[in-house]
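Colleague: Now for the letters of each chain:
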Amino acid sequence: MAHHSEETEITVLPPDKEKIKKLWTVAGILGLLTGFEFLIAFMMHHGPLKTSVFVVMTIVKAGYIVGEFMHLRYEVKVLFWSIMIPIVFIVWMLVAFLYEGMKLSDINFLN
Amino acid sequence: MAHATTTTAPGQDVWNGGVSPLDASYGKLMMWFFLLSDAFTFSGLLITYGLVRAAHPASTGLEGFDVTKWPVPEKVFEAVPFLHGVSLPLVFVGIMTFILIMSSVTMVLAVEAGHRMDRKAVEKWMLWTILGGITFLSCQAWEWTHFIVGTGEATKFTDFVNGQWITKEVIGANLHVNQYGPQDFADFFFFITGFHGFHVFSGVLLNFLIYYNTVTGVYQRRGHYEMVEKVGLYWHFVDLVWVFVFTFFYLV
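Line order of the protein sequences matches chains F and B.
Using this note's numbering, you'd call the opening residue of the first sequence number 28 and step up by one each time.
Using this note's numbering, you'd call the opening residue of the second sequence number 212 and step up by one each time.
Derived from the structure by calculation, the hints contain no laboratory data.
Built from N, CA and C at the ideal position, the CB exists for glycine as well.
Hints are supplied without guarantee of correctness; some may be wrong.
[Claimed, not checked] According to the in silico footprint, chain B covers these stretches of chain F (three or more CB under 8 Å from chain B): (1) 65 to 72; (2) 96 to 106.
[Unchecked claim] Subject to a maximum C-alpha distance of 25 Å in a straight line, what follows is the list of computed SDA-like cross-link-like pairs (lysine to any residue): (3) F/K77 to B/T404; (4) B/K280 to B/H357; (5) B/K280 to B/L256; (6) B/K239 to F/V115; (7) F/K48 to F/M84; (8) B/K367 to B/L273; (9) F/K130 to B/W281; (10) B/K286 to F/L60; (11) F/K49 to B/A235; (12) F/K77 to B/G361; (13) F/K48 to B/R330; (14) B/K280 to B/F419; (15) F/K77 to B/L342; (16) B/K441 to F/V93; (17) B/K239 to B/K367; (18) F/K77 to B/P268; (19) F/K130 to B/I258; (20) B/K367 to F/S132; (21) F/K77 to B/A235; (22) F/K46 to F/E95; (23) F/K44 to B/K441; (24) B/K335 to F/V39; (25) B/K335 to F/E36; (26) B/K239 to F/E95; (27) F/K46 to B/E334; (28) F/K130 to B/V463; (29) B/K441 to F/T38; (30) F/K48 to B/K367; (31) B/K331 to F/E45; (32) F/K49 to B/K367.
Work out the full structure, taking the sequences as your base and the hints as a guide.
Modeller: Here it is as structure tokens:
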């Protein structure tokens, strides 16, 4: 190794209690939401309502992971939006494909 | 007046370089854009799953498996290691979700320790993160094995062979046969969880690399722990994808 170790003084800062507490809070929320999803899976009948509850809870979880863990909420606005806006394409793809799937079902399985 | 009082309006020097409007390093930005493209890939897989599922008649889940009807996931994934024959729907996959979320938490704690230049703490949290990743992969290996080997009861179906309909039986699933429902169901299971599992595997390798560099003091000499942050972004993304897979493959 070509590195000659310069003995620069490195100061280790003490743990940021506030920040760490916040991270564990987020972790707790994620765990709780997953627990709820698990319960709802058995307590509700299959149908559009159940699916929408799952979708909303998933988006909330995704928001916490991306916003807090991945720190996107605290980045500058331009960066935030350049990540968020392209998600529109995914939403459009979802709508288009599910509609297409239901049409395929009509064609393949005429009752 | 050729006097050099350069009055620059705010923003005039933006094109001369040296400005970072996104206020993030090159590596971090590229990681973000890579993750965005990866999100498109996973969306493609999950949304196509939705299309194919919507195109099939659904099983009610009350009778046994039927190869023509899309199964209810909680009827397929109800096994837990060491509890053979006990029906515990979605319990194991719930445990896997919990493991991955926990490893995401330890990762973010490693990043926090990196900000404070606390080498020992980074090492500790990176080790926990690696352990979480390996545990998740092991769980997935067990789940795949169970899915492939199948449950004790065979599913009967009719097949058109040499000009006549015959009844066949199938136990387990692979890319050719599937006892749980339509063939596409098994194919999507292998592709979606497999592609995600491959991401976890790569993540574990990257995490190990970071751990190694931390132990050997590379980041200490460099003066910052930004690499932990970049790989952290990737690791959180893997967790994020699992949140979606959990909902749209296992719960809905």
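Colleague: Evaluate each hint against the coordinates.
Modeller: Verification of the hints:
| no. | hint | result |
| --- | --- | --- |
| 1 | 65 to 72 | holds (count 3) |
| 2 | 96 to 106 | holds (count 6) |
| 3 | F/K77 to B/T404 | holds (23 Å) |
| 4 | B/K280 to B/H357 | holds (21 Å) |
| 5 | B/K280 to B/L256 | holds (20 Å) |
| 6 | B/K239 to F/V115 | holds (23 Å) |
| 7 | F/K48 to F/M84 | holds (23 Å) |
| 8 | B/K367 to B/L273 | holds (16 Å) |
| 9 | F/K130 to B/W281 | holds (16 Å) |
| 10 | B/K286 to F/L60 | holds (22 Å) |
| 11 | F/K49 to B/A235 | holds (23 Å) |
| 12 | F/K77 to B/G361 | violated (29 Å) |
| 13 | F/K48 to B/R330 | holds (20 Å) |
| 14 | B/K280 to B/F419 | violated (43 Å) |
| 15 | F/K77 to B/L342 | violated (34 Å) |
| 16 | B/K441 to F/V93 | holds (14 Å) |
| 17 | B/K239 to B/K367 | violated (53 Å) |
| 18 | F/K77 to B/P268 | holds (19 Å) |
| 19 | F/K130 to B/I258 | holds (15 Å) |
| 20 | B/K367 to F/S132 | holds (23 Å) |
| 21 | F/K77 to B/A235 | violated (40 Å) |
| 22 | F/K46 to F/E95 | holds (11 Å) |
| 23 | F/K44 to B/K441 | holds (23 Å) |
| 24 | B/K335 to F/V39 | holds (15 Å) |
| 25 | B/K335 to F/E36 | holds (22 Å) |
| 26 | B/K239 to F/E95 | holds (16 Å) |
| 27 | F/K46 to B/E334 | holds (19 Å) |
| 28 | F/K130 to B/V463 | holds (20 Å) |
| 29 | B/K441 to F/T38 | holds (23 Å) |
| 30 | F/K48 to B/K367 | violated (55 Å) |
| 31 | B/K331 to F/E45 | holds (20 Å) |
| 32 | F/K49 to B/K367 | violated (53 Å) |
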